[in-house]
Amino acid sequence: MTVARSLFIPLVLFLVIAFLIGPFLIIVAASFSAGETLAFPPQGFSLRWIAKVFTVESFRASFGMSMFLAIGGTLAALVLGIPASYALSRYKLPGAEIVRTIVSAPIIVPGIIVGLALLRYIVVPFQIGITLALFMAHTALILPYAVRVVSASLENLRSDIEEAAVLLGSSRLGAFFRVVMPNIRGGILSAFILGFVTSFNQVPVSLFLSGPGVRTMPIDMIAYMEIVFDPSVAALSSLLALMSIGIVFAAERFLGFSRYV
Amino acid sequence: MSDASYLSLQKLTLTYGDSPAVPDLDLDIRKGELIALLGPSGCGKTTTMRAIAGLMPVKSGRVRLDGSDITRVPANKRAVGLVFQSYALFPHLSVYENVAFGLKLKGMRGQELDAKVQSGLKSVGLSNFANRRPAELSGGQQQRVALARSMVMEPKVLLLDEPLSNLDARLRLEMRTELQRVQKETGVTMIFVTHDQAEALALADRIVVMKSGKIEQIGSPEDIYNRPTSSFVADFVGFENIFPLENGKLKTSGGLINLSSQPPSAAGLAWRPRMVTLGIGPFRGTVRGTSFAGDSREYLLDTPIGPIKAEVEASQPAYALGAELVFDLPAEKAAPLARFA
Ligand SMILES: Nc1ncnc2c1ncn2[C@@H]1O[C@H](COP(=O)(O)OP(=O)(O)O)[C@@H](O)[C@H]1O
Ligand SMILES: [Mg+2]
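Respectively, the protein sequence lines represent chains A and B. Taken in order, the first sequence gives residues 1201 to 1461; the numbers are from my numbering. Taken in order, the second sequence gives residues 26 to 366; the numbers are from my numbering.
These are computed hints drawn from the structure, not numbers from a lab. If you're wondering where the values come from, they're calculated on a predicted model, not measured in any experiment. Treat the hints with caution; some may be incorrect.
[To be verified] Some chain A residues close to chain B (C-beta under 8 Å, calculated; not the full set):
| # | residue |
| --- | --- |
| 1 | 1295 |
| 2 | 1361 |
| 3 | 1366 |
| 4 | 1369 |
| 5 | 1371 |
Ideal Cβ placement from N, Cα and C applies to all residues, glycine included.
Chain B on its own, in the form it takes in the complex:
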């Protein structure tokens, strides 16, 4: 085992009946890493997690963990934890008994068990709720119980399926910090699934962007945010103006267009709204929509090359609805896309 592949998926293929959900997936994860699996709903994130946990049969390929092949190891012998999207707490057991469940199965008893459960509850701030039933807890508290229940088992890898999506906005932020803290304190290797790019960017050491069962891009949050390599990732992380390139020209609904400066060689170019320059440039447009966002103003422009989204600082002079203006798509600011889907 090399350091870079504590958990390693090798040519992993997963199917439901005959329909392939995940074809030929390769992924290496370092020990102690916090990985975000990012992608739209239905792209195979849950399926991949379930395969790592052993809840889903592997059609072909291998799963290796900590130096051994666990492809055929049953789920209850893998030392992989999973926090379910729905928490999956045992409704008939108290919070305490939920957390003690796995430890008891390991044969832990008495003082040792109690100490372990208590410290698990304490680490998620639920010491005072030990005797409650899951139904008597809020969503956020249930989430913490699920986290503690998995963490006390000291799994080699902890998987979290959309851990924040069932929480309201305030709790989500709180839980985000919580997850990060638990991960840093314990150093557990963690993979969490999300369809929210902001969550992935805020939390992860590395982000794996998935699309239709395939990995679209792997990289640090900075990489993904600033240097998307495909139109799909660019779109996912908020580049609103995305065009293919053909022979150094921008291919738009208004035909092939020359840019104001020489573009890099790439399959496409993408601009975030704030990368668009207003007031100077070779293109013309009409303000079709405008919205004020505190520090900035956003414009939706109708142009011969299609709709363009632009964002400028609020201190700049404002354009009225219907106003005609000129703008530029500066090639040097654009993110070059290696793949255009």
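Isolated chain A, as found in the complex:
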């Protein structure tokens, strides 16, 4: 009885961790396989699939596209989102709730619907190029995260420090850059990381908007797997995971990222 009980919690814990980390470990293990097909357990050990990732032309192109969308889209979302968050949190605006809802919509509405809607009602009628369409879509998708996270850090910041700055001779705008921005930079960084990861992992919207020669990384990986079933996709996944971990680790190390999320 007591033995059974004392084993219960560790067992549940083990299962949860196995379920969360297990698939990831399998992918990592598979990346080092010496065999020709994606399989587990890996056949032998080699770095050949890791090396191959860097030679696949389409991977390089789609990685570049995804990086551009993730960084550019997040920056654009912050440029729009920071002033929006500021206005929402500092002024009692009529219709603020509506703006908040609209801004949050992309989190609630399934991506596949957003993608279809963008394609049908914006991209096709206005003849927008694929890259621009993807950029706009990713910006829109990241915006809610930017507004939410930045708003949260603005809520925690007293507004009277801006008035204090003004009374010490600063203009209103100057006060924003001198005392608001430095105090919400953790929130901005968190929003950046969330936005970056969201954009990088985005599939449904990108699926609709990708076109000839322009693909994001995940879309390209799916396309690759439909044709070639070798472990290089696993190797690529491991490398991407390593990149994400590196970013979060660096952010935590240098800026105490976890305080803001």
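Mind docking chain B with the ligands on chain A? Use the hints.
Below, chain B with the ligands without anything else, positioned relative to chain A:
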């Protein structure tokens, strides 16, 4: 500009949306004066301060400072300092950088800046804390940083919104002395807001008592303490027994009452507990409550004219709970009130 109106509020009206917070305020303040703005919470003290600082739009009326009309001058060009109730220190900057903030905006650099910041920190006793962040300071120390940050700017007027209310009792006393010292040393014109009459009485050259956005009485601490002109001020400064007068008679819950001597002509009379005489007099009462306060004893009396609070020296014979006694409200000791609200 006359000497008596270095800072002058003329028919100042301030509103939040349509609701008037401060209607038609007139106030003149001399250069170098230490003014206390005293009133209960919600009476418009903060609103008035914010208008003087330029953080609050003026609906109508004018604010004049040092000979010029500053009603429409933006807050960052007014040379008015404000120490916020919450201190409003910049959390991302060190104590040193907080104090240097305004000076740098003025274009001060290098040695001059450093000397100025150091002397500012020294004057509030925080030289050893220059590199700390505000979060690493106690409330009292944060308060001092806020004071130094405003003072180094050499404002024409320094406003302090409830500067002592967030401090514990001991620090409050210390900070009170500090404020007085800084004011005397620099001669800066200072207005501080408080809802604590003891603080106002102890610190101010002049006290402005506010009620519902209007000035109820202006006067020296002695005036306010001894000669309140309205029932509101009397109540605020500790007159516990306050009655309206009607045709020379005291109007009480027990009807119109004749006093033992002829009262002055006024709208009302007010007695502090220690102005009530026990043991002789025309009124009867029952001791309902009693408390010993070292030098004195306080009694709460149940009487036909309503509850009366009395205070007598502890050396006098004590009355027990439930004891019947006689007492007097001597008209000549009472503060005559011109207005009864
Ligand atoms: N931001 C605001 N919006 C609307 N009404 C306000 C605001 N701030 C204060 N008031 C109202 O104005 C009046 C005066 O407030 P305030 O100046 O803060 O009083 P005090 O500082 O004396 O406590 C109060 O009735 C208060 O409810
Ligand atoms: Mg206030």
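Hint by hint, here is what the structure shows:
no.: 1; hint: 1295; verdict: violated (17 Å)
no.: 2; hint: 1361; verdict: holds (5 Å)
no.: 3; hint: 1366; verdict: holds (5 Å)
no.: 4; hint: 1369; verdict: holds (4 Å)
no.: 5; hint: 1371; verdict: holds (6 Å)
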